[in-house]
Amino acid sequence: QQPVQSPQAVILREGEDAVINCSSSKALYSVHWYRQKHGEAPIFLMILLKGGEQKGHDKISASFNEKKQQSSLYLTASQLSYSGTYFCGTEGTGANNLFFGTGTRLTVIP
Amino acid sequence: DTAVSQTPKYLVTQMGNDKSIKCEQNLGHDTMYWYKQDSKKFLKIMFSYNNKELIINETVPNRFSPKSPDKAHLNLHINSLELGDSAVYFCASSQGTLQETQYFGPGTRLLVL
Numbered sequence: 003q004q005p006v007q008s009p010q011a012v013i014l015r016e017g018e019d020a021v022i023n024c025s026s027s028k029a030l031y032s033v034h035w036y037r038q039k040h041g042e043a044p045i046f047l048m049i050l051l052k053g054g055e056q057k058g059h060d061k062i063s064a065s066f067n068e069k070k071q072q073s074s075l076y077l078t079a080s081q082l083s084y085s086g087t088y089f090c091g092t093e094g095t096g097a098n099n100l101f102f103g104t105g106t107r108l109t110v111i112p
Numbered sequence: 158d159t160a161v162s163q164t165p166k167y168l169v170t171q172m173g174n175d176k177s178i179k180c181e182q183n184l185g186h187d188t189m190y191w192y193k194q195d196s197k198k199f200l201k202i203m204f205s206y207n208n209k210e211l212i213i214n215e216t217v218p219n220r221f222s223p224k225s226p227d228k229a230h231l232n233l234h235i236n237s238l239e240l241g242d243s244a245v246y247f248c249a250s251s252q253g254t255l256q257e258t259q260y261f262g263p264g265t266r267l268l269v270l
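Protein sequences, first through last, are from chains A and B. Position one of the first sequence corresponds to residue 3 (our numbering), numbered consecutively onward. Position one of the second sequence corresponds to residue 158 (our numbering), numbered consecutively onward.
Bound-form chain B, shown alone (with noise of 0.2 angstroms):
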């Protein structure tokens, strides 16, 4: 059983569409986040969500808002996309707070052409 999935796996898209990418965890953890992986594997937090509730806000373009219809579920949706939006975008959850594990799921592999 997958505890935390994405969808897509890969997206190949043009500059100044707008995307969404859809996350689930059947883990029953309270707490789901967004990170963005660049070319450089450098990995930063974009957002937290503890019960549909957004906790952590970084700092991110407006043009990427996350929205938690239940607990389980966190998706990003992305406007205007642009070439340096490109990266692999990984959902986590975990059941608590930042000091709880969290448990990733597999990525989405984003290209903007």
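With the rest of the complex left out, here is chain A (with noise of 0.2 angstroms):
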């Protein structure tokens, strides 16, 4: 039940964007994405619910493919504060629980 999240690790120069992707083989009804960066815990950044959403703020945003049971985490611009792990946490249909992912190690450099 744990999604899938891929790449698990990239490396980016200020300002590149990047996508974060996150599969489940189970029917979703929400979808989270959290960031957490060495030794601290993690910090929410957005939830989308079933209903196919898109959100976002400043430059990170998320849509949610419930067809595909998947969703996908931009940044674009990123700036060196976004490094971090970023983790999908996924609710199933249904379920009562909430699975994470292994996480994306993101880091930016100068």
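If you're looking for bench data, these hints aren't it; they were derived computationally from the structure. Backbone N, C-alpha and C define an ideal beta-carbon position, used for all residues, glycine too. Hints may contain errors.
[As the list claims (entries may be wrong)] Residues on chain B that point at chain A, a partial pick, calculated with CB under 8 angstroms: (1) Y167; (2) K198; (3) L200; (4) I202; (5) I212; (6) E215; (7) F247; (8) L255; (9) T258; (10) Q259; (11) G262; (12) G264.
Put the two chains together into one complex, using the hints given.
Shown next, in the form of structure tokens:
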């Protein structure tokens, strides 16, 4: 039930864009995105609910394709502060639980 | 003001001991969670309480027992600690259900020797 994230790691230069994907083998009700910096707690980015949502704030946005059971996180014009590990968490339809992917380690260099 | 706090921050103990981790939230949230993050950074939900009622109880050894004295507190008691219990344990809270934003505590780093 654990979603699969890709890529596992990515290195960007400041100002470049990145896409992180999250795929599930189960029908999804919601997808959560978090960022975690080394030694710190995960920080919420956004939740997307069933219905094919797109959300975004500042230069970080996400889409949720319910039919394909996948979500993508888009980071545009990356900043050094975007570095960290990004996790998606998926909630299955009719399931009262949240399963996290293995994470995507994003490093932004000057 | 700290929104979700955990104590202790670090916990080093011997195998076989019993230990507790405390969590408190001052956000007025109804739901609280315990997560385990292992050395490979894999994050897994363990328990969730809504208004002191257990709503998520994942496949976790029964050596782990959550206790919620009121909706602002969710403590985790671990009996007979094993080496594999070494991990970072995060407490989190949200206003309502899983579809709400979760706010995480700073984590408790548990090392079992």
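Verification of the hints:
no., hint, in the structure
1, Y167, "12 angstroms, violated"
2, K198, "6 angstroms, holds"
3, L200, "4 angstroms, holds"
4, I202, "5 angstroms, holds"
5, I212, "6 angstroms, holds"
6, E215, "7 angstroms, holds"
7, F247, "6 angstroms, holds"
8, L255, "5 angstroms, holds"
9, T258, "5 angstroms, holds"
10, Q259, "6 angstroms, holds"
11, G262, "6 angstroms, holds"
12, G264, "6 angstroms, holds"
Hint 1 from the list above is the single one not met by this structure.
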